[in-house]
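**Student:** The lines below spell out each chain.
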Amino acid sequence: MHRVKTSYTVRYPKYILFLLVCMTLLAPLASLRAEGGEAKTEETAAPKDEKFNPKPMIMHHIADSHEFDVLDQFAVPLPCFLWSSATGVTTFLYHDGKEVNGYTCEHGGIERKDETFFLDLSITKNVFTMLLAAIIMIIVFTSVAKAYKTNKGKAPKGTQSVIEPLFVFIRDEVAKPGIGPKYEKYMPYIMTIFFFILTLNLLGLMPVFPGGANVTGNISFTCVLAFVAFLAINVSGTKHYWSHIFWMPGVAWPMKIFLAIIEVIGVFTKPVALMIRLFANMIAGHIIVLSLICLIFIFGKAGQSMAGSGLGAAVAVPFTLFISCIEVLVAFIQAFIFAMLTSVFIGMALEDHSEGHHTTD
Amino acid sequence: MNTFLTVMLEAGDNPFSLVTPNPGLSIWALIIFVILIVVLGKFGFKPIASALKEREQNIADSLAQAEKARAEMALLTAKNEELLNQAKEERNKILSEARDAAEKIKADLVEKAHAESVKKMSDAFREIDTQKKAAIVEIKNVVGQMALQIAEKVVRKELQSDAAQKEFVDKLVKETNLN
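Protein sequences appear in the order of chains S and Z.
Residue numbers for the first sequence follow this note's numbering, so the first one is 2 and each next one is one higher.
Residue numbers for the second sequence follow this note's numbering, so the first one is 63 and each next one is one higher.
Keep in mind that the hints were calculated from the coordinates and are not lab data.
All C-beta atoms in this analysis are idealised placements derived from N, C-alpha and C, irrespective of residue type, glycine included.
Be a bit skeptical, because a hint or two may be false.
Here are some chain S residues the structure puts well away from chain Z; computed CB gaps all over 12 Å [to be verified]:
1. Leu94
2. Ala135
3. Glu174
4. Val331
Interface residues of chain S toward chain Z, partial, derived using beta-carbon atoms under 7 Å [claimed, not checked]:
5. Val128
6. Ala146
7. Met188
8. Tyr190
9. Thr193
10. Val225
11. Ile294
Here are some chain Z residues the structure puts well away from chain S; computed CB gaps all over 12 Å [to be verified]:
12. Lys108
13. Lys150
14. Gln211
15. Asn239
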């Protein structure tokens, strides 16, 4: 009996944790629905004869927010941690229309009345999703690591057999050929890039509550990944790497200066390209899916024409399904590309003088 | 009217809100990312990588061992075959030697027997010869005596005169055939 019980909690920690998170986050809803519900219905009911404008709707869904929409009627409020030089640290639970310490809450965002700078370290929708992804990853990978101990010498099973092909693929096809013989030192970094981006991409594809946040399509997030990649590439740069940037051997001196300018720009464009590629790809996918969904409301004239809505749905549903399938593919491809390019850049920076085949040309 | 770019750039009041990094979110992303690298590196990727490496090593070792065993097996089979061939050869050699020896012994024996028989025959012939000679001598003696006795009788009876005696003796001698 005891065994069965423990194996249940060991086998389904994800679901248990997920339920716990949902419950804690949904708890304040009961009180908030009463006061917030009315204001919202009033807002949505008002523009009855207006044309449906998809732009704010799309923008709202792809942007970060201080509350997590579950259904149109209610959103999960998230805690805010704010700091400004005037008022110091302020913490509160977000709610649209709230005014605390000179901050106003509107449309999921926070503004300061006097428009001075403030640091917003709130658990936003994106931060919440990142934390969720981090927790999922830690649980999955520690359990898989444990499975390798308990299941030693046997074929992998369960989560282990899902993770193993990905892990081996990234190790053998990305890290080893990209970085070269010193790949083992960078394994945690490359693996974290791949699996973190992948988890966030897939969570972003989930249309309902704990998913749907457009984290990898947020420039702040990709900017951080690119910054870490920039550090990883340039910190591991060898003498050979730097000499090829600032004073290219084997060419005439005017060429050396010319190449140095290009190469120095290249040092920055590599991570910037990483940043923009992931951001643009993921945000584009979200925008396409949302635009297709918007077709239903455009055809249906914002709920006035039932037939139009039906036609919109008939067009939008297969298209959305198709794009969603492609987005699943893109989720993997973009994670792979980010990891691949980071490894290749690190490999280029690590390339040693003795290994370089273009030392004489 | 709203091209993709303007949609991207004109969110809300701030025209660049989508492409402007938010410091708070960036700080959170950095913290979470670094924690993930450290925690997953230590408790996730490292044990997984080492377990996979161990298993791959194990498989490679097993394969190498199997290959070695196979080679050894082949070597052993070859050796066995060689041994068998050697044994066969040896057997054939022994057999042929034995056959040769037997033949030789047989030939020897035949030759010996032949030689013996030849010798015996020649001995017999020699013996016969000697006996014959002895018999002839004896016959000669007996015949001589008989002749003498006859002669004596004849001589005593008929030969009164010396001439007649002599004539008679000569005639007798002449008539006597020794063979």
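**Student:** Flag every earlier hint the structure violates by its number, smallest first.
**Tutor:** 2, 11 and 12
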